[in-house]
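Take a look at the letters that make up each chain.
There are 2 protein chains.
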Amino acid sequence: MGSSQEEVTLLGASGSPFVCRVKIALKLKDVEYKYVEENLGNKSEQLLKYNPVHKKVPVLVHGEKPLAESLVIVEYIDETWNNNPILPSDPYQRALARFWSKFIDDKIVGASWKSVFTVDEKEREKNVAEAYESLQFLENEIKEKKFFGGEELGLVDIAAVYVAFWIPLIQEIAGLELLTSEKFPNLYRWGQEFVNHPIVKESLPPRDPVFGFFKGRYEGLFASK
Amino acid sequence: MGSSQEEVTLLGASGSPFVCRVKIALKLKDVEYKYVEENLGNKSEQLLKYNPVHKKVPVLVHGEKPLAESLVIVEYIDETWNNNPILPSDPYQRALARFWSKFIDDKIVGASWKSVFTVDEKEREKNVAEAYESLQFLENEIKEKKFFGGEELGLVDIAAVYVAFWIPLIQEIAGLELLTSEKFPNLYRWGQEFVNHPIVKESLPPRDPVFGFFKGRYEGLFASK
Chain A
1 MGSSQEEVTL
11 LGASGSPFVC
21 RVKIALKLKD
31 VEYKYVEENL
41 GNKSEQLLKY
51 NPVHKKVPVL
61 VHGEKPLAES
71 LVIVEYIDET
81 WNNNPILPSD
91 PYQRALARFW
101 SKFIDDKIVG
111 ASWKSVFTVD
121 EKEREKNVAE
131 AYESLQFLEN
141 EIKEKKFFGG
151 EELGLVDIAA
161 VYVAFWIPLI
171 QEIAGLELLT
181 SEKFPNLYRW
191 GQEFVNHPIV
201 KESLPPRDPV
211 FGFFKGRYEG
221 LFASK
Chain B
1 MGSSQEEVTL
11 LGASGSPFVC
21 RVKIALKLKD
31 VEYKYVEENL
41 GNKSEQLLKY
51 NPVHKKVPVL
61 VHGEKPLAES
71 LVIVEYIDET
81 WNNNPILPSD
91 PYQRALARFW
101 SKFIDDKIVG
111 ASWKSVFTVD
121 EKEREKNVAE
131 AYESLQFLEN
141 EIKEKKFFGG
151 EELGLVDIAA
161 VYVAFWIPLI
171 QEIAGLELLT
181 SEKFPNLYRW
191 GQEFVNHPIV
201 KESLPPRDPV
211 FGFFKGRYEG
221 LFASK
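In the order they appear, the protein sequences are chains A and B.
Residues 1 to 225 in the UniProt record's numbering are what the first sequence lists, from first letter to last.
Residues 1 to 225 in the UniProt record's numbering are what the second sequence lists, from first letter to last.
One chain only, chain A, in its complex shape (with noise of 0.2 Å):
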């Protein structure tokens, strides 16, 4: 396939999950590729170019093709690259690692985000209840399997990194409990698994300065109160 071997460029933001998603998914495929940066406060003409409809990272520039949407750009790069499939190659099982992926950003990402980032008392609330009803269904789902995928990584597992990584982060932050051992078993241990995989661990950023980032945020947020 001619266009694999076109140079890769990824616009993105080291405390971003979903940047982190393309991160992963490059390092599977073992695709090599230019890194830059983004400053989100201050973002960059080539981000404006590449992505003017959002205006958001991750971007991935395959040549001179651009491509936001990180879940998008995963399953492209699944199909530019053949080596260590991301995707199953049954329709339906494809099918339920899109339906599983899109619950992640739907049904998780935005309610716990809100259970930490919410100045209201009871809209935050409200968003620590959806998380938790939200996270019962990730842990009836990955239940005693090593990764979402199976035995490998897969969709799900990429998209879900944001449970791995961030949400241990930020309930941290806010002294709260989300995905704790207790609560739900399976899906902590699959977030141990999982961030301790070589390809997961060597793309994930450094804790500190993203846990110094968020909680700067977190009490800005309760500050201005």
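Hint data in this document are derived by calculation from the structure and do not stem from the laboratory.
Be aware that one or more of the hints could be misleading.
All copies of an identical chain are treated as equivalent in the list; a pair is satisfied when it fits inside any one copy or across any two copies.
[As the list claims (entries may be wrong)] Capping the alpha-carbon separation at 25 Å, the derived lysine-lysine pairs in DSS-like fashion look like this: (1) Lys122 <-> Lys49; (2) Lys55 <-> Lys34; (3) Lys55 <-> Lys114; (4) Lys43 <-> Lys145; (5) Lys56 <-> Lys107; (6) Lys145 <-> Lys114; (7) Lys122 <-> Lys183; (8) Lys56 <-> Lys102; (9) Lys107 <-> Lys55; (10) Lys43 <-> Lys107; (11) Lys145 <-> Lys49; (12) Lys56 <-> Lys34; (13) Lys201 <-> Lys102; (14) Lys65 <-> Lys143; (15) Lys215 <-> Lys143; (16) Lys143 <-> Lys55; (17) Lys55 <-> Lys102; (18) Lys145 <-> Lys65; (19) Lys215 <-> Lys29; (20) Lys122 <-> Lys43.
For chain A, the structure is supplied; the task is to place chain B on it using the hints.
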């Protein structure tokens, strides 16, 4: 492909644009299926069993395998029945089709819906402004093309059935101008072409009862103000 021979059932609700997407895809592939109309005020045991996560329509049941989320279902249909492709074969074009379908769900459906079904005036105006901005992106994307998919219907066209059929309907209810030939000439022209495509025409619900249904909801919302 043996699995394409199994029985297909669609749980739906005739006023739903998301259900309509699945109907168009099934019709395009010439798949015979059993349609079950759900009463969303009194959901069936079957719906709760097959979509325990969202408890929403559409649900496609293929053999004994249930699947939810309209765009996930449409991609599944495309991968299971290979005639009349819905997604392009080139990975980058496939990724763009997924990007724009997601854009419709994230940026157009919610904003245009809340442009009509919102009591608070400021909130409503904010949504109208967002809907315009997002429709402009689609206007720029369709340009002079017959369909988003080119000469034939594709994933983005199917996702955008909401734009072609539901937006004109709800804007009439509210006496609002969102999608008009003056504001978005190419998108409007596409909408006309699309709803008159034989496959789409057969898949759309009859306009009058859907109009009545949403008019009832609209007036109920403002009556209780």
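Within, between, both or neither: how does the pair Lys143, Lys55 come out at a Cα-Cα threshold of 25 Å? Between copies only: 22 Å across chains, 37 Å inside a chain, cut-off 25 Å.
Homo-oligomer pair classification [Lys29, Lys215; C-alpha up to 25 Å]: neither (33 Å within a copy, 52 Å between copies)
At most 25 Å between alpha carbons: which applies to Lys55 and Lys114, within, between, both or neither? This pair counts as both: shortest intra-copy Cα distance 22 Å, inter-copy 23 Å.
Homomeric proximity label, Lys65 with Lys143: Cα distance no greater than 25 Å: For Lys65 and Lys143, the Cα distance is within 25 Å only across copies (19 Å; inside one copy 39 Å).
With 25 Å as the alpha-carbon cut-off, assign the pair Lys201 and Lys102 to within, between, both or neither. within (24 Å within a copy, 30 Å between copies)
Between Lys215 and Lys143, at a C-alpha cutoff of 25 Å, which is it: within one copy, between copies, both, or neither? neither (32 Å within a copy, 45 Å between copies)
Within, between, both or neither, where Lys145 and Lys49 count as close if Cα-Cα is 25 Å or less: between (42 Å within a copy, 23 Å between copies)
State whether the alpha carbon distance between Lys55 and Lys34 is at most 25 Å within one copy, between copies, both, or neither. within (19 Å within a copy, 43 Å between copies)
Up to 25 Å CA-CA - Lys102 versus Lys56, copy category: For Lys56 and Lys102, both the intra-copy (18 Å) and inter-copy (15 Å) Cα distances are at most 25 Å.
Give the relationship of Lys107 and Lys55 under a CA distance limit of 25 Å: within one copy only, between copies only, both, or neither. both (23 Å within a copy, 14 Å between copies)
Could you place Lys56 and Lys34 in one of the four classes (within, between, both, neither) given a Cα distance threshold of 25 Å? Cα proximity of Lys56 and Lys34: one copy only (18 Å, versus 42 Å across).
Taking 25 Å as the upper bound on the Cα-Cα distance, should Lys122 and Lys49 be classified as within, between, both, or neither? Neither, since 40 Å and 31 Å both go past 25 Å.
Violated hints for the displayed structure, listed by number in ascending order: 1, 4, 6, 15, 19 and 20.
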